[in-house]
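> Generate the whole structure from the sequences, applying the supplied hints.
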Amino acid sequence: MTTASPAHAPSASHLADPDHHPSFTRGVFLGEIREALVFPFPEPSTEEKESLAAILDAFRSWAADTLDSAQIDHDGRFPDAVRQGMAELGLMGLNIPERYGGFGASAMIFNRVFGEIGAHDAALAVYFGAHQSIGIKGIILFGTEAQKHQWLPRCASGECIGAFCLTEAGSGSDAQAMRTTAVPSEDGSHYLLNGAKIWISNAGYAGVLTVFAKVPVTIDGVVKQRVTAFIVDAHAPGISLGKIEEKMGIKGSDTRTITFENVRVPAENLLGEVGGGFKIALEILNSGRLGLSAGSTRGTREMMKLALAHAKEREQFGRSIGSFEMLQRKFAAAAADCYAMDAAWMLCAGMVDRGGVDFSLETAACKIYASELAFRTASETMQIAGGIGYSKEYPYERALRDSRINMIFEGTNEVLRALIALMGLQQPGEELKAVGKAFKAPLHSLGAISSYLTGRVKRTLVKPSFNQVHPSLKDEAELVADNIHALALGVEKALIEHGKAIIERQFLQERMANAAIDIYLATAVLSRVTSVIGRVGEKEAAADLEVARFFIPMAMRRTRRAIRALERNADDAARSIATRALATGDLTVPTPTDT
Amino acid sequence: MKIAVCIKRVPDMDVRFKIAPSGTAVDETGLKFDISDFDGYAVEAALQIKEKLNAGEVVVISLGGDVVQETLRKAMSMGADRAVQLKADGTHVDSFAIASALAAELKDGGYDLIMFGRMSIDTAHGVTGAIVAELLGLPCVNAISKLEFDGRTAKMRRELEGAYELVECALPAVVTIDEGIARPRYPSLKGIMAAKKKPLESKPAQLPAARLSLDALALPPERAAGRIIGEGTAAVPELVRLLKEEAKVL
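Chains as they are written, first to last, in my numbering: chain A, -4 to 590; chain B, 2 to 251.
I should point out that these hints are in silico values taken from the structure, not numbers from a laboratory. Every clue listed holds true.
Distance condition first, Cα-Cα at most 20 Å in a straight line; then the derived SDA-like pairs of lysine to any residue:
id, chain 1, residue 1, chain 2, residue 2
1, A, Lys44, B, Leu32
2, B, Lys156, B, Glu166
3, B, Lys199, A, Ala48
Covered stretches of chain B, as calculated for chain A (at least 3 residues, CB under 8 Å):
id, region
4, 73 to 84
5, 190 to 202
Even glycine gets a Cβ: it sits at the ideal position worked out from N, Cα and C.
Encoded structure:
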């Protein structure tokens, strides 16, 4: 393997390095509450707030004059004025550091703006996100000084748009299965890139691509393929674009296949080190998921505004339909979910900005919850609007189509649930393995056994607790702490029962992930409301407290059920039914006919 | 060319206003504020002059409490070079007093051109610019929609009903700006960043005693609720009868 020269070393200190940095959710799997990671709730500085207000103000007045989302959806493309306007506003350089011509926004500011763009137009948010959240994020995080100087100023001005090229026909969630190759030339001056990437957002607009390809590396005489990241000039000879995909939603976003045929990529365009591509892809996606979360949440709020206005206006049986409790349940649930989701992504953005924290499980949690919230709520708002919701004349059906993609791209929610569970299981699993080994030679391993047993005794007897939550949320904090305790015990039991096979037990992984997600959101609410009370006092925070007391018990009821089902479930039946359905390719239950 | 643009902070007009308990001011809770529309055109026109000549300075001036700093900052994020706040808390309704304070600031500023919006969109007096010109002994052209220069001569166009007027005057001069001259730009992120570092000077406004006071504000009477008479053609005769006899509009 090549070793990283200092010039190639990642310059960002805030990366979510799971090997070195503490993680809140990993702690949860061990029954620990790492309070220092989630308190105090991050608040932007006064200067940041002023900048944010100015940026949002400029964007909103521009959008009001320029954006026609129904037209964009109809045409399947942005008018030139839209892309030009985004560039002139400077938004295409929002998270590019100042010294490369960008604004250098913190994660908090970047994602607030992302949310605002998403609330106005989902396709535009994808254009914006595919450029900055993932397209050029690799250069920002891992580029050398020379690479940054070469690309970022043009990216910041919006002259050069970025795209992220990871997915292939045979390699979606399973990035290791990729077939695109980059073979170094004899003299080492360049690589020859061959392969095809699909579903590339911004493909038609792109000036620069972050491409992942396998590079053959000889280790001990054996040739191995190592996933590696490259910066590729989108106009290089040998690159061809497929036709624009006709999609269900986010139609303004330009999505295509990009084919690479003997594309010469100069060696200096290597991003990071050879073989470092997989980690780079994960890092980019980790932080990219936050924008999607903020956008989905803010978009949800915007759709609900329409539905609320409709529910207030529309009368049936001589009263507004909003006065019926079946609709009120929908509004309350969405309000609480949005409050919790905002708390969750902001807390996470705070971790990104603070640095030294592994936030990978939390960004995954945010992406899953926010994308499902947005789609669920889009469906609810359509239901509230009734017939007109189904009409193309109103934005409800577009919201439903636009929001669907969020559960699929930037990591499917299924793969992210597995990621949360498996990463959460890592440490408890290793502890158990060490103990298992130790028991084979107990005399030599008393230390390992006794330290495990101490931990185990501690986990069983001593419930963790929150110490920084405001006293008025004592009951809710206890509820969350109880569930953290229960999850850790449930996880341990499952590990003892299933051992290594836990990797295959996705029925269980899904429940663990769901529990961990709800626990993170509830914790974020505890942190946010505690901060609000600190700022305005308990009396003024009454509405926040009310939402917290509504959301947390609701989320913890779900969590309790998920944890209980780690032990008591009908998974064997589910597996059998699913296996039969897969074998016959049909859901029909083969009931024997009467004789 | 050294240009001063006098701007006013006004509430967003697309809302339903409430009157504050004092009865002489608008309830500001929940209101959004921005540069008054015509003043925004003036800022844009000034910036375009500076960009065209590739020289000069654009100074924005506003009278008011510290909240106007946000408005001045916005003008600087659009591109104005520096700002002056003439600090005066409370509400001021006497245009002559305001013009006097502005004139005191402008007098020794060495400005070639002093620009105003043709009126503010909240109180719409439309006289501050003219009074400033009078106090400074400068020529004044109101409500211009086009502005060019020929050396030290300003050439302007004013829109009239079905016609226009071309006017010339020597600099220095005071002009008030009508819409149509230039669409105000949106502040860019670069502009917002740069504005943070631009100088904003705050000094007490030299306001003479007001000779005008605002005694009361009132909202127009509420309109009566609409009435649905019936549906389809069957309802037409009754509708016509009501429009004739009750509403008396036919």
